[in-house]
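**Q** Heads up: the sequence shown runs through residues 3 to 1014, numbered per the working numbering.
Just so you know, not all the hints are guaranteed correct.
Said to hold, decoys possible - Calculated lysine-lysine pairs in the DSS-like style (CA-CA distance at most 27 Å, straight line):
#: 1; residue 1: Lys433; residue 2: Lys368
#: 2; residue 1: Lys256; residue 2: Lys348
#: 3; residue 1: Lys950; residue 2: Lys260
#: 4; residue 1: Lys368; residue 2: Lys276
#: 5; residue 1: Lys759; residue 2: Lys807
#: 6; residue 1: Lys106; residue 2: Lys779
#: 7; residue 1: Lys950; residue 2: Lys279
#: 8; residue 1: Lys855; residue 2: Lys955
#: 9; residue 1: Lys779; residue 2: Lys807
Since the hints were made in silico from the structure, they are not lab data.
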Amino acid sequence: MKTTTILALPAVLLAGATTGFAQTTAAQPAAQTVNGIITDAADRSPLPGVTVIIKGTTTGASTDPGGQFSLPIPADGATLVITAIGYVRQEIRTTGGDLRVALKSDVQQLSEVVITGYSEQNRKSLTSAISSVKGDALKDVPAASPDQLLQGKAAGVQVSANSGVPGGGIFIRVRGSNSVNASNDPLYVVDGVFINNTNLIATGLGNQVSSNPLADINPQDIESIEILKDANATAIYGSRGANGVVLIRTKRGKAGEKTRITLDTYQAWSEAPKKYKLVSGPELATLENERFLNDGGSPSLLPYRPVSEGGRGLPEEQQTYDRLSDVFRTARTQSYEVSAAGGSDKTQFYIGAGYFDQESIARPSKFNRFSLRVNLDNSVSDKVRIGTSTALTRTQRNVSSNDNNPVGVINSALFPRTNLPVYNPDGSYAKYGSFDNHQALIDNLDNDAVGTRVISNVYGEYRIQPNLTLRSSWSIDFNDMYENNFNNTLILAGQPRGTASSFLSRDITLLNEQTLNYSVNLGENHFIQALVGNTLQRNTFQRTTLAGQQFPGNDLPTIASSATQTGSSARSQAGLVSFFGKATYSFKERYTADVSIRADASSRFGADNRWGYFPAVGLGWRLGEESFIKDLNVFEELKLRASVGRTGNQAGISDFASLGLVQGGANYLDLPGTTPLQLANPNLSWESTEQWNVGLDAAVLQNRVVLELNYYDKYTSGLLLNVPVPRKIGFSSVVENYGAVSNKGVELQITANWLPKSAVQWSTTFNIARNVNKVEKLAAPITAGSRDIFRLEEGESLYSFWLYKQTRVNPESGDAEYEDVNGDGAITVADRQLVGTAWPDFFGGLTNSVNYKGFDLGFTLNFERGAKIMNMNRFFLVHGGTQSNIGYLANQLDRWQQPGDQTDIPRLTTNAASNNYGGVVQNLSDRYLEDGSFLRLRTLSLGYTVPKEVVSKTRLNSLRLYVQAANLFTITPYSGLDPEVNSQGGVANTKNFDWATVPQPRTFQVGLTVGL
C-alpha cells in the first residue's frame, strides 16, 4: 500500500503539469505570440527556468536551457511578469514580436538562492535554518580541507582542528552532539554525492585521528557551502540527517560565457606560535635534590652533588640539551591551481587541476595532494540535459604519532630529562626509559600513506513539461588508502631486527537517485514546488593487512624479505533503500509552508525494524509584507519561521550490529576453530532525533543590517548504546536502543553593510551560539578516555571531566588537599566528581571585509568561552619527582617550598600518602584542568586587484596580489600550546585532551591570482 501511494504521486504531478498554465481569466483569443530570451544583466548569460506569466492570468511559460521562451498573448498586448529565484522581479508591457530581457540579481541578503536539499529556494520564502558560506570566503586559506575553513563562519557550527598536523582529523558539530556510540559527524554531500568520511589510515598513531577524508576535496573548487541545521532542512535526508547536513557545491561553467582561464598560486611559511617551556639542566638538578630531601633523604647523599663525592655533579654543572628545537621547524606550504570555465548555450564546463603540499611544523609529518575536477553540463535538446561532476585526487601522508605513545616524536623530545645528552659517546642515538630518541624518529620514521579518491556523479534530466523535470543520477565515492610502514633497527619499534606492516583499505559508496521536480507559479500570488524521489545506496568496506618481522637488514624493507610473515583480511557491506517527498506552497511570497517525509530501510537492523520514517513541517510568515509592519517604516524585511521534524542516525555502528556473530581464529592443534563474537539483537533500530526550531529574520536601515536568530530544541532517543550484560554469559555488552541526549541552544548572526552606496565597500558579519548538552537517560555511567578522565552521567553533559577536586595546597605543610565528597574523612575513588566540561558556554566568529579601488582588507576572528581542557602535558611533566625518567615543565618551579608559600602546586615528593602526585589521586585532579577560552585571529589578509584598463594592456583579464597571515595571535588563559586541541580524537566521548599535540601553526603567505 505504501508503494502504491508513492508511485501515484508522480501521476498527480504529471496531471497538474499539463494543466498548470492552461487556465485563463479572459475569453480573448490569442492573436499573436511573443518570443523572448532572458539573460543575466551582469554577464549576459542565458537564464533557464525563469517563469513568465501574463499578468492577471495563470497563462505562462518557463525559459529553456538557452533562456528562451514562447508565449501566446492577446491581440492588444499584455503585461508580462518575469520572476526567477535570486533575481529582481520585472513587469514588461509587450505587443508581441521578439523580446530580450536582462534580469538584475537581487543582492539583498534575504533574497539569495539557497540549496535546500534536492532543490533551490529563495531565502525570502525559506522556513528552515540554513547557514550559507560562499566560496570566496574560503579561498586562499592554507588549510588542507574545506570543513576546517568553516571555523567562525556559520552560527551554531562548532569546528576545531584536533591538532596542527596537515590533513589531520577535524572536530565538527552542528548544534551539539546527539549520540554516545554512533557518529556525531554531519553528512557531507558534494554535488549530489554522499561522502563517506571514515578515516582509512590503520597505522597505530596513539589515539589521534590520523586523517581527514575531506582533505581529498580541493577547497579552491568550491562555489558555496550550505549547512542544513534544523529538522525541516535535514529530514529529506532521513536517517543521515540527525547531525546536520553540509552541502558542498563546486564551480561550474555558465552558458554564453567566454572561456576563462585562472591561475592561482600561493607560498606560505609556518611556525609554532608557542613552544613547551622545560626546566634547564641546573633547574632539574635543583628540583631533584629538593625532592630527595622532602622524601627524607640525607643532605650528604644528594643525587646532584660533586662527582668526587659519588654524585652526578652539582646542579650548576649540568648541561641543558634542547630537543624541541630539533622537532619544530619553519614549515613550507605551496599551492598551485589552474582552472578553465565557460560555455555555450548547449554546453558548459569547469576544469580545475591543483597541487597542494604542506609540511607540518613538527618533523617529519607532511601532506600533499594532486587534484583534478571536471564539471560538465550539456543540453542535448530543449528537453534533455546530461552532465557530470567528477573529482580525482591522490594524497600522500607521512604520518607519525604524537599523543598517547611514548615513541611519538614530540613525546620523545618532551619527556626525557633536559640534562641527558641526545647522543651516546660513540655517536649513536641515546634512549632513556621507554622513550625513543626523537632524532632517530625524525631520521628513520617510514610511515607512508598514499590515498586515491574518486568522487563522481553522472546525471540525466528530462524536461517532461516546462515545470516538470525528471532527474536520474549515479554516484560513486571510491576511497582507497595504501600504507607501507617499516621500522628499522635504529628506532625502538624496529628492535631487535626490524618490523613492517602494510594495509590496503578500500571504502566504496555507490548511490543511485531518481527525483521528479515540479514547480509552478499559479498567477502572481501562488507558488508550488514539489518533488518525489528514491535512493539506492550500498557501502562496501574492505581491508587487507600484512605484517613482517625479523629482517636481514635495514636496506631490505619489503615484507617479502622478512623471516616471519602474517596476514589477514576483512570485508563488510551495508545497504540503504529510501523514498522521499517534499512540497512547498507560498502565497504572495508572504506565507510559506513546507512538508517533507523520508522513509529509509537499512540492512544494519533487524528485519522487523529496518524501516524508519522521518517527517518534517516548516512554516514562514513575512510580517514585513503586512501593512501594520510596513507602516512602522523600520523593517525592510521581517520574517518569522517555525519548524518541527524527526531525523535519524545509524552511522558509526557495525554493518552487522543486529546480528549474532562468530569469528574464526580460535584454532587448536593446528585445526581451525570459531568463537562467539557478538550477541544478536533483532530489535535494534534507529536513533531518532526530534527537533523544533523557531527563527526570526530581519533587515533594517535600508538593508544595511540583516539579522538571523534561531532557537532550537533537539531530543535524541533510542541511542545505539553498548549496554552492559552479565559477564557470565560470555559477553560484556550488547548494542541496544537505550538512552537519550538533548541539545538546546540559540544562534545569532548579524551582517552589516556599512557603506552600501559608497566607493568604500565595508561589511561585517558576526555570529554567536550557545548549546546546552545533557544526557537525559543512560543505563549506567560510562567512563571514557585515558585513565577514565571523562564520564557520562544522567543529568550532565557529554565530554564531562571526572576528577578529584583540589581545594588548596596547605600553606604550612605544602601538601595538596581535596574535596571529601562523601565526608568519610578519607580520599577515595568515591570522591571523584564531575568538575567541568569540554563544551563551551558560547562560541562564534566575526568576519570583516573592506574594499576600495581595487584594495581589499579582511580578517576573521573565532572564539570560544568556558570550555575546559585537560592538560596532560602538565599531568606528566609536573609530577613532583614521581617519574624517574621524565623531566619537568617550567611550571614545576612554582611548587611549594617553605611554610607560608601560596601556590596550587604542592611540594615535591614521591610519598604516596601525601596524595600530592601519586597515592590514591594519581595526579587525577582538576589541578591540570584549565580554562580553554580563546579569541583567535584566524586570518588577516590584504590584497590588490590591478585595474582592468591596466591589466588589458598585458592581455590579461585580471590580476590580484595578496599577503595573508593565519593564526597571527591567540588570546587565552590556557597554558598549553593551543586551546584548539584534542589528542584523543579517535576515542569516543572525549574532547579537549592535550597530550603532546602539534599546535595550530602561525602562517605567513603571499599569493597571486591571474585571469587569462
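**Q** Now look at each hint and say whether the structure bears it out.
**A** Hint by hint, here is what the structure shows:
no.	hint	verdict
1	Lys433 x Lys368	holds (25 Å)
2	Lys256 x Lys348	holds (10 Å)
3	Lys950 x Lys260	holds (17 Å)
4	Lys368 x Lys276	holds (20 Å)
5	Lys759 x Lys807	violated (58 Å)
6	Lys106 x Lys779	violated (54 Å)
7	Lys950 x Lys279	violated (52 Å)
8	Lys855 x Lys955	holds (19 Å)
9	Lys779 x Lys807	holds (26 Å)
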